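**Student:** Letter by letter, the chains look like this.
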Amino acid sequence: MKSELTKIIIMMLLMFVVSCDEPDTVVTNIVHADGSITRKIEMRSPDGKSEYRFKTSDLQVPFDNTWSVRDSLEISPKGDTVWVKRAEKLFLSVDEINMTYQKDSGTNKNISRNAGFEKRFRWFNTVYRFVEKIDPKMEFGYPLSEFLNKEELVFFYSPESIKEVYQNGPDSAKFRSFGDSQDSKIDKWLTKSLVSEWIGRFSYLVKSEATEDLSYNSLKIREDEFVDALSRNEKNFDSLWTNGIMLREMIGEKNALKFKTEADSAINMVTNNLLLDFKEYSVRIVMPGKLINTNGYKDSSSVLLWPVKSDFFLTEPYEMWAESKVTNFWAWIVSGVFILFVFTGLVIRIKRKG
Amino acid sequence: MRLKSVTPTILTDLKLIEECRGGNLEKFRKLVQMTSPFAFSVAFRMLGDEDLAKDIVQETMVTIWQKLNKIKSAEAYKTWIYRIVINKCYDQMRKKKSNPEFTADENTWRLISDRISVEPSAELENSETAMIIKVLTNKLSPKQKAVFVLSDLEQMSQDEISEITGISKSGIKANLHYARKSISVMVEKYL
Amino acid sequence: MGKNSENHNRIINLLRASRPIFNSASDIEREVIQKISQKNRSETVLSDITDFLFGWVYIGWVRRSLITASVVLVAYFVWQQGTIIRQIKYLSSQPVMIESESRSFQTGFSGNKAMLLKLFGNKLPTQNITISKEQMDNLLESVNDLQTQYRELIKLIEEDPELKKYLEKKLTEMNRTRIKL
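Protein chains in written order, with our numbering: chain A, 1 to 354; chain B, 1 to 191; chain C, 1 to 181.
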């Protein structure tokens with residue numbers, strides 16, 4: 001048990017070390033009223049690096065030599081040297097951004113991202129909507145909203161500084177308790193989603209050859225059983241699975257023997273979707289006109305910001321959207337003149353009648 | 001040749017007024033024919049000037065044309081005509097503020113005096129009427145003059161005069177008493 | 001006095017009987033009609049313009065349609081502005097992020113990653129990582145510290161049976177399957 005624990009701790013520390021080696025990236029989308037977007041990427045080396053080279057594999061958000069790129073050295077508040085790479089490009093429409101995502105060869109190339117822009121004429125105002133969406137990795141996963149309530153969800157998706165605001169605010173006791181209760185709920189969500197994903201993948205792979213007891217619906221009915229088995233055997237899951245013991249317990253010996261390959265393929269697919277090596281970054285959006293709605297977080301200059309973490313789009317699409325409005329003053333004038341015209345006509349009629 | 005003065009009749013035909021309201025200028029011409037003589041009578045007796053009286057009559061008729069919608073009865077029409085005429089006479093009289101004591105030359109007065117004594121029933125010419133009224137009402141205020149003209153010369157009732165001038169009945173009595181007294185003094189002095 | 005009164009009455013009667021001679025009735029008629037026509041003409045031009053612009057007022061369905069359109073326009077404006085104001089108000093009530101802390105969201109690792117690593121650690125695609133000797137030394141030092149602290153903690157718990165019982169009970173209640181003592 002002790003060696004197991006040690007192993008886990010070392011792996012987590014290693015992950016920490018690895019994650020500390022990737023640049024801190026912020027992508028800013030400056031949306032213009034005509035639908036063009038100026039995209040700026042700023043990558044900062046981790047603090048304390050005496051020397052740093054930005055690699056293609058580091059790029060959380062893709063850019064290439066068609067962008068205008070600038071490198072510089074800055075001193076952080078702690079006095080450390082920070083290497084900064086800035087890239088900027090004007091995209092005439094979101095379609096160009098989406099093409100860039102499709103050709104992505106960077107570290108996050110396995111996720112499906114796209115951007116959308118909408119301009120709606122609403123007479124008195126024109127409403128602009130910009131969205132960056134990341135498609136979910138799991139097809140059969142559960143939405144997090146089935147495990148966390150509304151407040152817990154808001155807390156989950158919030159950046160750390162906002163979490164601190166909540167935890168120091170008027171409902172601080174409630175939000176401080178979220179940390180612990182959320183962890184167990186998130187574990188449940190993950191476990192159920194993993195099992196559900198495996199069921200979905202496996203049943204699809206064996207569809208043509210398997211009997212009714214291995215159909216998607218049949219396996220789905222037994223999902224809680226599988227979740228329980230996984231939870232009980234969490235410690236030794238890896239070895240139990242490799243030896244086929246786990247699989248026999250789940251689908252019977254005969255099926256386990258026959259469909260071991262498919263079961264392993266399914267579990268590999270599930271693992272690939274976990275994105276444990278996903279490189280996090282943040283997205284900022286600047287909208288034309290006055291901001292009226294968003295699911296993001298604003299800073300003191302009303303620039304919007306979203307964190308992008310793998311948890312956020314594991315089972316559901318992650319949308320970062322903002323809406324703004326620009327007043328159509330000419331429409332106000334035309335409407336005013338029209339109403340005045342009608343009113344004047346009515347007054348004249350009343351006067352003549354009287 | 002001296003034209004006989006026409007005694008105006010009180011307009012009782014509301015139908016004519018209603019026809020005029022529709023913009024019928026021909027019907028309105030008829031209304032002018034019926035109304036202008038007694039409007040002229042009041043205006044002339046108030047101002048003593050034929051031209052001024054004609055102007056007053058014109059303005060009155062134009063005003064009537066513009067506000068025909070407000071007339072609901074023949075009686076109302078009569079009161080209204082008089083009211084407009086009297087008010088326009090007041091305006092005119094205010095313009096000519098200074099009222100020097102009228103003096104006619106001696107020959108003219110002798111002729112008038114003889115005329116009255118010899119032919120007491122003969123009708124006066126406009127100029128004579130104007131002169132006499134001017135002399136007799138020289139000391140009167142516009143209100144007193146209006147009350148005198150409407151009561152003693154136009155022979156209207158106190159109710160009618162009250163409606164036209166807006167003065168109360170007791171006020172009319174008082175004004176009339178004073179007017180008559182003043183005129184008596186003038187009669188004694190000049191005639 | 002009596003003669004005076006007689007004279008007074010005679011004068012008044014004379015004046016009363018002598019109604020002013022109105023010998024220009026036709027002139028007045030003509031001039032009144034002329035004045036009215038002139039006024040009508042000038043009013044007609046204005047009236048024509050007014051009728052041209054506002055003639056629709058006398059056509060029932062046009063009038064009703066335009067009134068309805070005006071009412072709908074005003075109502076739409078009020079609703080739209082109300083919605084926007086409500087949205088903006090809601091946004092301004094949201095907590096504001098501190099820019100200096102907005103740069104990095106990387107919190108190192110989350111608890112659930114530990115669970116995933118336990119389950120699928122061996123199945124992760126192998127990758128090469130480069131760390132410096134200094135980082136390696138720090139890492140090993142952290143591991144040693146953790147191991148020491150862990151040993152001390154376990155010793156404390158084992159020396160106090162009541163504490164052990166209490167902890168096991170709490171862990172069972174919270175269903176913390178990630179780490180079992």
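In short, the hints are calculated from the structure, not lab data. From a predicted model like this one, the values you see are computed outputs, not experimental measurements. Treat the hints with care, as some may be off.
[Unchecked claim] Reference excerpt, derived from the structure (chain A facing chain C, CB under 7 Å, subset only): (1) 84; (2) 124; (3) 126; (4) 129; (5) 297; (6) 300; (7) 333; (8) 336; (9) 337; (10) 350.
C-beta: ideal position from N, C-alpha, C; glycine also.
**Student:** If a hint holds in the structure, say so; if it doesn't, say that too.
**Tutor:** Comparing the hints with the structure gives:
| no. | hint | verdict |
| --- | --- | --- |
| 1 | 84 | 11 Å, violated |
| 2 | 124 | 6 Å, holds |
| 3 | 126 | 12 Å, violated |
| 4 | 129 | 13 Å, violated |
| 5 | 297 | 5 Å, holds |
| 6 | 300 | 6 Å, holds |
| 7 | 333 | 13 Å, violated |
| 8 | 336 | 10 Å, violated |
| 9 | 337 | 11 Å, violated |
| 10 | 350 | 9 Å, violated |
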